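Engineer: Chains as they are written, first to last, in our numbering: chain A, 5 to 401; chain B, 5 to 401; chain C, 5 to 401.
A few of these clues could be false.
For identical chains, the list gives no copy identity; a pair is met inside one copy or between any two copies.
[As the list claims (entries may be wrong)] Calculated cross-link-like contacts (lysine-lysine; reagent style BS3-like; alpha-carbon spacing at most 30 Å):
no., residue 1, residue 2
1, K139, K191
2, K322, K139
3, K399, K13
4, K399, K139
5, K99, K363
6, K399, K7
7, K13, K325
8, K287, K99
9, K312, K246
10, K322, K99
11, K287, K257
12, K139, K99
13, K99, K207
14, K99, K136
15, K257, K7
16, K322, K363
17, K13, K257
18, K322, K136
19, K322, K257
20, K312, K399
The hints are simulated quantities; they were obtained by calculation from the structure and are not laboratory data. This one's a predicted model, so the numbers in the text were calculated from it and none came from an experiment.
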Amino acid sequence: MSKAVELAKHLQKLHINNMYNEDFYWTWDKTGEELDAVFTVADALRDLRERNISTRVFDSGLGISIFRDNSTRTRFSFASACNLLGLACQDLDEKKSQIAHGETVRETANMVSFMADVIGIRDDMYIGEGHKYQKTFMDAVQEGYRDGILEQQPTLVNLQCDVDHPTQCMADLLHVIHHFGGVENLKGKKIAMSWAYSPSYGKPLSVPQGVVGLFTRFGMDVVLAHPEGYDIMPDVEDIARKNAAASGGSFSKTHSMADAFQDADIVYPKSWASFAAMEERTKLYAAGDQAGIDALEQRLLAQNAEHKDWACTEEMMKRTKDGSALYLHCLPADITGLSCAEGEVDNSVFDRYLVPLYKEASYKPYIIAAMIFLAKVRDPARALMELDARGGQRKHF
Amino acid sequence: MSKAVELAKHLQKLHINNMYNEDFYWTWDKTGEELDAVFTVADALRDLRERNISTRVFDSGLGISIFRDNSTRTRFSFASACNLLGLACQDLDEKKSQIAHGETVRETANMVSFMADVIGIRDDMYIGEGHKYQKTFMDAVQEGYRDGILEQQPTLVNLQCDVDHPTQCMADLLHVIHHFGGVENLKGKKIAMSWAYSPSYGKPLSVPQGVVGLFTRFGMDVVLAHPEGYDIMPDVEDIARKNAAASGGSFSKTHSMADAFQDADIVYPKSWASFAAMEERTKLYAAGDQAGIDALEQRLLAQNAEHKDWACTEEMMKRTKDGSALYLHCLPADITGLSCAEGEVDNSVFDRYLVPLYKEASYKPYIIAAMIFLAKVRDPARALMELDARGGQRKHF
Amino acid sequence: MSKAVELAKHLQKLHINNMYNEDFYWTWDKTGEELDAVFTVADALRDLRERNISTRVFDSGLGISIFRDNSTRTRFSFASACNLLGLACQDLDEKKSQIAHGETVRETANMVSFMADVIGIRDDMYIGEGHKYQKTFMDAVQEGYRDGILEQQPTLVNLQCDVDHPTQCMADLLHVIHHFGGVENLKGKKIAMSWAYSPSYGKPLSVPQGVVGLFTRFGMDVVLAHPEGYDIMPDVEDIARKNAAASGGSFSKTHSMADAFQDADIVYPKSWASFAAMEERTKLYAAGDQAGIDALEQRLLAQNAEHKDWACTEEMMKRTKDGSALYLHCLPADITGLSCAEGEVDNSVFDRYLVPLYKEASYKPYIIAAMIFLAKVRDPARALMELDARGGQRKHF
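Required output: the full structure, derived from the provided sequences and hints.
Structural biologist: Printed below as a string of structure tokens:
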């Protein structure tokens, strides 16, 4: 029996009735079995692809991508995922559109979704805005479908909002699962989700939030470390706490990177801006106060510079379990001596983990494809088995 | 019998021998039966899609889009239409090309058309230029095909020129046909194609021109209303007059929005620049006279501002048939109190018509697909029947 | 027997074991039989397409294009070639990416290649950089494949580097082969690869280098003509010399355009910057010396202007064999009196060769498709025969 069929048999046992035709906003909206389903389908699609079996389930149809912030990895991952399933990718470039003319989100949403099966949106720049935009957009297309404007109901893949970055964090986790040989081996493992110094400003909170909101569901000891004043959204901390209690793991916080790294099995050192600062920025932005925004930026850069010792150095790595914790990053990283003078991580550390880091990233297209697959295919387990049995070649000859 | 097959049977009776391998510039180039064919194929393709039947008639091939002005709706409609039929969409972004180097249109046309089945062009900015560009482009690809440079003869879908906007106006009309329950019910219906105030400048004439040039063919009473000095192209008025005489309808002009709206079944209030002003701008542009262009813009904005009472207000709507004429717009509209302080339409009016407005827009991808289908498929009626009979799924599983 | 099958039978006899899974950097990396294979497959794919036979060998998959310089022809040729074989084209637009943040080429290469079958790169601006970038990129994806990051090994099509422009020069040559009725007729033909005056600055060397590096392999008399100080890379001249010796042709240099054109069967007059100047620019660029770059540009433009007599005039054409040598250009050309006041070629000369020039360009999509085909398909001769026998329609109905 092929790996894909084995995975399909596992999928059959999961309760995933609420995934069909549903949006994917945040991992904590989903049950444990639903997350399991995403990982399972991702692995199955990868196995089929590795065996040159076509996984095109669409004979035409569009995936619409909207990137309100620059992107390479996620853009290409979304395009790859669409292509893998037979969708063409159509990007909404707001600079080439007439959207600036005061068009409502509701109108744009309908206008770009006429033959769209899936919508991928990245909107991570402003706290309190990113998720709201996605929700408004998807409410509009749902109404559009109900009103007979759209022939099919497009579903969302959140490609990063101000709250969560589910495709990233689930790719991170699938990498961790494979690294430790199975989800059952994660119990009791310690992960340090730690702030790290970066010379740049205003990095989104969605990765640390997504990580503590997701990894706490697997019985792990999740430690969130950051200097004072770099708090994440309290709502997400609450979720992490509840998750940890339910899964038999723990969620704790510290202001010491060294403590967090101590005996950690996994480290995820990464810069972000504080929740409070990002809220302030959102308000200044709404008020059109550019001078205020500039002043805030200077203040935050100065504040960052006080914490240059928050770096994933060789010394810091030595504190981890056997000195060889699994190093995670969503990329691109600020690498000391390579991409900047002082950054998140020592070049020698980063370099040692290049292959696992790229592998971590390589799960993202499959995670996205799995989210689409589960939202679009009525009986995903049967579909995987039929794809496998049919054995249509992706590359002929 | 499915709706698609019924429509195919109707299509069989139409004389459409001149559509195969032909370009679509202006609706008035086409016979009544040819327009009927476009509506019929659009409805059939939509029916097939709604029943999850694949309408891919191409196994590879390109649709080339050239937008010389910003676009969201039309861009996505063209991409959707190409995708529906199995073509990949390739956009010519003049900023990324070497075209600025003085390359001729003839050369560009051949260079981007090597495997193109269809070319969609939007060039609506300069009176006397848009259509000319499209014609020069298509003459070049026809020669290219004749000379053995291109393996197939690409055909044009005019995505808006300075004269007509056929994909928009035919989508508008198909919406009207469905709203009134059939093309036979349009006879005697009154439509007010009216100028309306907008704080922006230089909107194309192609929509009002396209509307009076098309709607006059169906026995309707078409009233063109605008303040003095906002005339459209006289040639198109002549066409409208002849159409009205032939179809048993009427074409009249007024300088009163209120008169036009009186007892109207349909209203289409929309801003445009006057033909004379646009001709002046084209000359200034050709002469590279930026100061002249700026001065003209100021003068036209001031002139516009004298006509702020030309707005589709609640009061104005009350004059229409039962106070509830069908409100049309090509979108995006300038909405008073929403996208601008004073604009084309009251927010409350616009909001009441949101669903029909979006539905109106939703016909555009199918109109474009039908134009492509009729230009590419030798026996479109038989093809629709075979697609229906074959029943290949668009979305598997 | 169809032309495609005849060509496939010829292909069967060629030794091309080293093309499968291999990159295409420079024509001189390839054996004569391998070049023959590219021409053969290009002609076969064109024959199949002309007979409406689908040549899709991929059921999904991506072609990634990276243009580090503007492009129309090559961009559309690559997109066409991908489409012809069933790949979707995904462009890496560095402006929309996060690459500026100091990301390494190795990281970018892996991040954009997750489901890529082929990578097309144009990087021709800086001597000593373009090829290096391509090599670094492809080394990274090969490692990525080996390390299990990528499920398939993407292969390169060099869409122009600082050294060679193989897709252009092979399209040029295939045009020449067809013009003279077969590769066997090229023996003893004289081609003048000549510098010509252009009012613009810094045109790449890759075309003249590619031409002398390729055309010398077919027993032709290749003359490289340029004013003093406009030398090409000495390494490529060495290759041309060795090729000529091996093929029984000749490679010579002259500082007289008239001598080069005398009795020439083919002329290729085109501007380029000198190797020495381009090396200087690369150094200034690396040092971030903008003032130096500007000064260099002024100096080079002044130097160019001393050679305005290097133009493909009617007078110059009269010197060629029967006054009617085949005129080649990679396009766009600087045409005297059309795209510039004084340029590479008289308008009347250029105009007389329009159809052959466009035909020359029309081979590029097929050359690219052939390169992809030979790198991806294990038994290309059998594949062509099966495609022909199967006869799947590209356009149905």
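Engineer: Taking the hints in turn, state whether each one holds.
Structural biologist: Evaluation of the provided hints:
1. Taking the closest pair of Cα atoms, K139 and K191 never come within 30 Å of each other, the shortest separation being 34 Å inside a single copy and 44 Å across copies.
2. In this assembly of identical chains, K322 and K139 lie within 30 Å of each other by CA distance neither inside one copy nor across copies; the values are 44 Å within and 36 Å between.
3. In this homomeric assembly, K399 and K13 come within 30 Å of each other (Cα to Cα) both inside a single copy, at 26 Å, and across copies, at 22 Å.
4. Taking identical chains as interchangeable, the C-alpha atoms of K399 and K139 lie at most 30 Å apart only when they sit on different chains, with a minimum of 26 Å there against 38 Å within one chain.
5. Within a single copy, K99 and K363 get their C-alpha atoms only as close as 33 Å, which misses the 30 Å cut-off; across copies the closest is 25 Å, which meets it.
6. Taking the shortest alpha-carbon separations for K399 and K7, both the intra-copy value of 20 Å and the inter-copy value of 24 Å come in at or below 30 Å.
7. For the identical chains of this complex, K13 and K325 are neighbours neither inside a copy (36 Å) nor across copies (62 Å), given an alpha-carbon limit of 30 Å.
8. Proximity of K287 to K99 under the C-alpha cut-off of 30 Å is found in both arrangements, the shortest distances being 24 Å within a copy and 28 Å between copies.
9. Proximity of K312 and K246 under a CA criterion of 30 Å is satisfied in neither setting, with 32 Å inside one chain copy and 58 Å between copies.
10. Taking CA atoms no more than 30 Å apart as the test, K322 paired with K99 passes in neither setting, with 47 Å inside one copy and 38 Å between copies.
11. When the C-alpha separation of K287 and K257 is checked against a cutoff of 30 Å, the pair qualifies only within one copy, where the shortest distance is 28 Å, while the shortest distance between copies is 51 Å.
12. Both within a single protomer and between protomers do K139 and K99 lie at most 30 Å apart by alpha-carbon distance, with minima of 22 Å and 28 Å respectively.
13. With identical chains, the CA atoms of K99 and K207 are at most 30 Å apart both within one copy (23 Å) and between copies (19 Å).
14. Taking CA atoms no more than 30 Å apart as the test, K99 paired with K136 passes in both settings, with 21 Å inside one copy and 27 Å between copies.
15. In the homo-oligomer, the alpha carbons of K257 and K7 never lie at most 30 Å apart, since the shortest distance is 39 Å inside one protomer and 63 Å across protomers.
16. When the C-alpha separation of K322 and K363 is checked against a cutoff of 30 Å, the pair qualifies only within one copy, where the shortest distance is 23 Å, while the shortest distance between copies is 62 Å.
17. Taking identical chains as interchangeable, the C-alpha atoms of K13 and K257 are never at most 30 Å apart, the minima being 39 Å within one chain and 71 Å between chains.
18. Taking the shortest alpha-carbon separations for K322 and K136, neither the intra-copy value of 42 Å nor the inter-copy value of 37 Å comes in at or below 30 Å.
19. Taking the closest pair of Cα atoms, K322 and K257 come within 30 Å of each other only inside a single copy of the chain (21 Å); across copies the shortest separation is 64 Å, beyond that limit.
20. Taking the closest pair of Cα atoms, K312 and K399 never come within 30 Å of each other, the shortest separation being 50 Å inside a single copy and 52 Å across copies.
The structure is inconsistent with the numbered hints 1, 2, 7, 9, 10, 15, 17, 18 and 20, although it conforms to all the rest.
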